[in-house]
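Take the two lone chains and join them into the complex the hints point to.
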Amino acid sequence: MTSRAIRTTFQIVLLLFLLLFVYMLDFRLGVLRLLFPAQRELIYQRVTLPTLVIQHMRMVAISSAGATVVGLFIGVAVTRPAGRDFLPLARDLSSFAQTFPPAAVLALAFPVLGFGFQPTVAALFVFGLLPVINNTISGIESVDSRIVEASVGQGMTQRQVLFRTELPLSARVIVAGIRTSVIINIGTATIGSTIGAGGLGTVIIAGLVRNNTAFVLTGAITAAGIAFVVDWVFGRIETLFYDPRERVTT
Amino acid sequence: MGGTGAEARYSVIEFENVSKHYGSTVALDDVSFTVPDGTVSVLIGPSGCGKSTSLKLVNRLLEPTDGYVRVDGTPVREFPPQILRRGIGYVIQSVGLLPHMTVEENIGLVPKLLGRHKRDRSRRAGELLDLIGLSPDEYRNKYPIQLSGGEAQRVGVARALAADPPILLMDEPFGAVDPLNRETLQQEFISIQRKLRKTVIFVTHDLDEAVRVADRIVLMRDGKVVQTGAPEEILGAPANDFVREFVGSDRALKRLARFIVGDFMIDAPSVDRGARLDWNEYRDFEVVYVTDDHRRLLGAAPRNGRAEVSSAGDAMDDALVGAVSLGSTLRDALAEILNTELAETPVVDEHGHLVGRITMTEIYSATPRRIV
Numbered sequence: 023m024t025s026r027a028i029r030t031t032f033q034i035v036l037l038l039f040l041l042l043f044v045y046m047l048d049f050r051l052g053v054l055r056l057l058f059p060a061q062r063e064l065i066y067q068r069v070t071l072p073t074l075v076i077q078h079m080r081m082v083a084i085s086s087a088g089a090t091v092v093g094l095f096i097g098v099a100v101t102r103p104a105g106r107d108f109l110p111l112a113r114d115l116s117s118f119a120q121t122f123p124p125a126a127v128l129a130l131a132f133p134v135l136g137f138g139f140q141p142t143v144a145a146l147f148v149f150g151l152l153p154v155i156n157n158t159i160s161g162i163e164s165v166d167s168r169i170v171e172a173s174v175g176q177g178m179t180q181r182q183v184l185f186r187t188e189l190p191l192s193a194r195v196i197v198a199g200i201r202t203s204v205i206i207n208i209g210t211a212t213i214g215s216t217i218g219a220g221g222l223g224t225v226i227i228a229g230l231v232r233n234n235t236a237f238v239l240t241g242a243i244t245a246a247g248i249a250f251v252v253d254w255v256f257g258r259i260e261t262l263f264y265d266p267r268e269r270v271t272t
Numbered sequence: 432m433g434g435t436g437a438e439a440r441y442s443v444i445e446f447e448n449v450s451k452h453y454g455s456t457v458a459l460d461d462v463s464f465t466v467p468d469g470t471v472s473v474l475i476g477p478s479g480c481g482k483s484t485s486l487k488l489v490n491r492l493l494e495p496t497d498g499y500v501r502v503d504g505t506p507v508r509e510f511p512p513q514i515l516r517r518g519i520g521y522v523i524q525s526v527g528l529l530p531h532m533t534v535e536e537n538i539g540l541v542p543k544l545l546g547r548h549k550r551d552r553s554r555r556a557g558e559l560l561d562l563i564g565l566s567p568d569e570y571r572n573k574y575p576i577q578l579s580g581g582e583a584q585r586v587g588v589a590r591a592l593a594a595d596p597p598i599l600l601m602d603e604p605f606g607a608v609d610p611l612n613r614e615t616l617q618q619e620f621i622s623i624q625r626k627l628r629k630t631v632i633f634v635t636h637d638l639d640e641a642v643r644v645a646d647r648i649v650l651m652r653d654g655k656v657v658q659t660g661a662p663e664e665i666l667g668a669p670a671n672d673f674v675r676e677f678v679g680s681d682r683a684l685k686r687l688a689r690f691i692v693g694d695f696m697i698d699a700p701s702v703d704r705g706a707r708l709d710w711n712e713y714r715d716f717e718v719v720y721v722t723d724d725h726r727r728l729l730g731a732a733p734r735n736g737r738a739e740v741s742s743a744g745d746a747m748d749d750a751l752v753g754a755v756s757l758g759s760t761l762r763d764a765l766a767e768i769l770n771t772e773l774a775e776t777p778v779v780d781e782h783g784h785l786v787g788r789i790t791m792t793e794i795y796s797a798t799p800r801r802i803v
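In order, the protein sequences belong to chains Y and A.
Using my numbering, read the first sequence as starting at 23 and increasing by one per residue.
Using my numbering, read the second sequence as starting at 432 and increasing by one per residue.
Don't take every hint at face value.
[Claimed, not checked] Reference excerpt, derived from the structure (chain A facing chain Y, CB under 8 Å, subset only):
no.	residue
1	513
2	521
3	527
[Stated by the list, open to error] One side of the interface only, derived from the structure: several residues of chain A facing chain Y at Cβ under 8 Å:
no.	residue
4	490
5	492
6	516
7	523
8	526
9	529
10	530
11	531
12	540
13	541
Rather than coming from a laboratory, the hints here were simulated on the basis of the structure.
Owing to the predicted nature of the structure, the values given are computational and were not obtained by experimental measurement.
Cβ atoms here follow ideal geometry from the backbone N, Cα and C, with glycine treated the same way.
Just chain A, same shape as in the assembly (with noise of 0.2 Å):
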């Protein structure tokens, strides 16, 4: 367990043959899976396949009736329970916050129990108010209620964050938050996991929140696993009809939710819009881009009902501007080339220059088929 910054930041969680059962009941059933550093495993199943309680054995919340949960190589229940809790971020729906404390004391919280000092703990509460996107000075001293539901989520991730443990455990950490509100949350919780790298349990109910956060699922049912595999590979190749049944018949939608633009798109024909444009040059396209002088796209000149030469600027079609941006999923990608009249739509970076475009040929090559 890291304690001090000079340890090693290594932390791997194993579950090997876990059972738990009460009384008669069985909530897991020889359950074993292994999550590698630095990396997030989602739980996921309908209620009450045992996900949240997977979880809290890591803690020690549970205690396993059978097997063993490792952190390390060392099985939990040698560490004491406090020690091992101060160890291990934990993130629970936004009723977690204490409420008769302060933002800032929520998240000194576990800084206190170890004894830090309040002055270092006060830092570190601006550190992490900063990270999350809350301006320190206008949260520190509120209090949970005052909090909009996506703040109090944050500050829940800003807690579990403060004595810098190497493991989170986040049990449906978004699930209060409006839909809207989710996918933010979910979009700044993987931008800042992409720097602290913990090794990281995220319980979800949430096929779309799991497909988005994940680099490996972990699928549940009635207590036992039931698929284990990186998300595309869950949702390209289900291992049974529970499985198939669970992702859905749109999971071939879903799955391209994991594929990058950038990595897909093929180069982009564009004109400058003074240029001259010559359909003969450019035989093997149906639609060139225009842009200007900085590269930035202005809008696409489809071929079909124009004249073999023309100006660019002439040819252009402005209405035909729409484009998805790099970091966006195929999945983005594709509605936009349902949203336009072409067949395909074009790649800009950050500052909107034209980098390349998607066609469906890219869409249909990251989808698995017998028959192409």
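Okay, chain Y solo, but in the shape it has when bound (with noise of 0.2 Å):
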């Protein structure tokens, strides 16, 4: 088997232990008394674990598509020739704030914002827009500025180069970072339920308390596998854009 055929057998086999975790009861409680068997109370109750992921992947999905959206524009806007100005403080505002623990911005969002979900999804979007910024001015600073002068030669507008050349051209690196402020949402959405804001948090959080190690791991597992999943489908599609370092030999 070449390492590509066991990476993709061993991505098959987690997505369906992840959906059977999620969606099997039998099979979580099976697994759960595997790992500890003189654990008497292995299944969360209050709330269905597949409940706690839809919540939980609302807050990512919304924060994720909010600091996709506004990222792409900062980093785009910084790297115009009105923007410019704008791109050092950009770059260190974005590293700075990502010096920050979620913890603290979730402290900072919820006397503003309130308890529960919306300041959960702030402080996620806050969280999330950092790799976009990031990775889009970075991929938009590596074109190679004799190709955007051959396209500004051939007669396209600034829009046009934008969208026909610089954009094309730092998809992959501008996916990655993405790809990068998911994870890292998926991971830190967990602390949310800290404010009530539900999702796998929530299970993680009333084993804490409970010292109930099966419910920590219920909620750390899934979170996990959740990540590992959506890492998995972003790699594929990173693969679809163009890659600098691609080497073509026929």
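Structure representation (structure tokens):
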């Protein structure tokens, strides 16, 4: 088997495991019983796991979609001639913000936005913005200036240069930024449960409070599994775009 | 600017007292020259002389600080830049192809910007690939990374020609190609230019290239024009020490590359291989050429050490069969003369028929000399 085939097999097995773990109660019970024979309460009863997954992914989807749109916009804006003055500022801000712990963002957001879903999405949005901005800037900056000049020289307008040359050539790097953003958010969204946002953090926190490792692991395994699968999907999406390192031999 | 085929395809480019400053740095200083319609002007000079800057003023990638750049009498700044650029073919080193587009998409770039239909673009790409000697079926769907340097450069030329612009700007178009391929590309460019008669500004730092492709050379240094003229003029009469040094001590040799054998050759004495060779009939000649029934060159019979009268076939020395073709340059002819034991070289046409000869006298006649 080639390394590629091994990876694909692993991914399929992982996806199957995740689906069974979330949607087949008996399967999950079996796995947890194997891991924690002494634990009497293995299944979190107050909310079903599929519901938690949906809550979780809703937060991630909304915050990441917003981060992608706004991040792309900012990244493109500061690489335009008119916005170039703000480029160092955007770089600094996004580097600075990435050093912020997500819990601190939550703590700052909830006095303004209250408890629950909204402040969590806001925190995830801010946090997910940074890799998108960074990668959009790096991606566009890495396009060979001679190729841009060639495009201008053929008679493209600024907008055409952006959409026909700069974005297609940097798409792979930009998608990698979105990928990072989404993966970070899948993990970070678990802390939203501390302020009542629901999601997979709910079962983890319940486990921590009640000293029930099976609950903690239920949330952690599911979040990690989703992160794996989403990462794999993004990996596939990236290959659709132009790869600057590509060396085709025919 | 030519947009439709119905318009006159007349295009002159004029630089009138053009200056370009970057802060206190002077990139161009009062540059004036004219590129006549349908001719190739080569801008050449040491790096930093302003040749590429001048080129970019024509399609408004740069704007002059002072003076006018005109196309057909209209200052280029009166055209919207995108419209201007779509009417001017632009060729740069191979990196200028868009790496995420196929050869066909690259060639169809300007036609697409002009709103041409996909079917027309595809047909035009096929025509142009044929013109530049690449098989459309094989190359249409390749990506630039799959092309050799020479192929990428040809596609660059095809892209510039796609919308059939009257003007071509070529910025070191063959600079990234190895010397052997470069010469082939130059020959192809010359033959394409002979057909299409574009008004071309060609930037290079390679004097041999300039001599080969130019109708006129504009020699620049430190942002100023030092000398303009046909290559043979510049090589034959350098205006000052800088030009003399730039064109090199072998300038006389380079200059010979401007002259075509066909324009200088003289009649060659010849006999049929089966005929009798009587040297008394060829008193003035050191060598007589031997041909077959169809006047195809077989070899040469030198005078020295041979019988007065013999059969042509016997007198012929097989080793002396070197020749140059009608389209070769006098430089090639001189090289051939130096290669053989004879003091001259025969000239043949494309079928190998003997059509004349070149001696050192013809070589000298193309060389300006005070005392002959």
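Evaluated hints:
no.: 1; hint: 513; in the structure: 5 Å, holds
no.: 2; hint: 521; in the structure: 4 Å, holds
no.: 3; hint: 527; in the structure: 4 Å, holds
no.: 4; hint: 490; in the structure: 6 Å, holds
no.: 5; hint: 492; in the structure: 6 Å, holds
no.: 6; hint: 516; in the structure: 4 Å, holds
no.: 7; hint: 523; in the structure: 6 Å, holds
no.: 8; hint: 526; in the structure: 5 Å, holds
no.: 9; hint: 529; in the structure: 6 Å, holds
no.: 10; hint: 530; in the structure: 7 Å, holds
no.: 11; hint: 531; in the structure: 4 Å, holds
no.: 12; hint: 540; in the structure: 5 Å, holds
no.: 13; hint: 541; in the structure: 5 Å, holds
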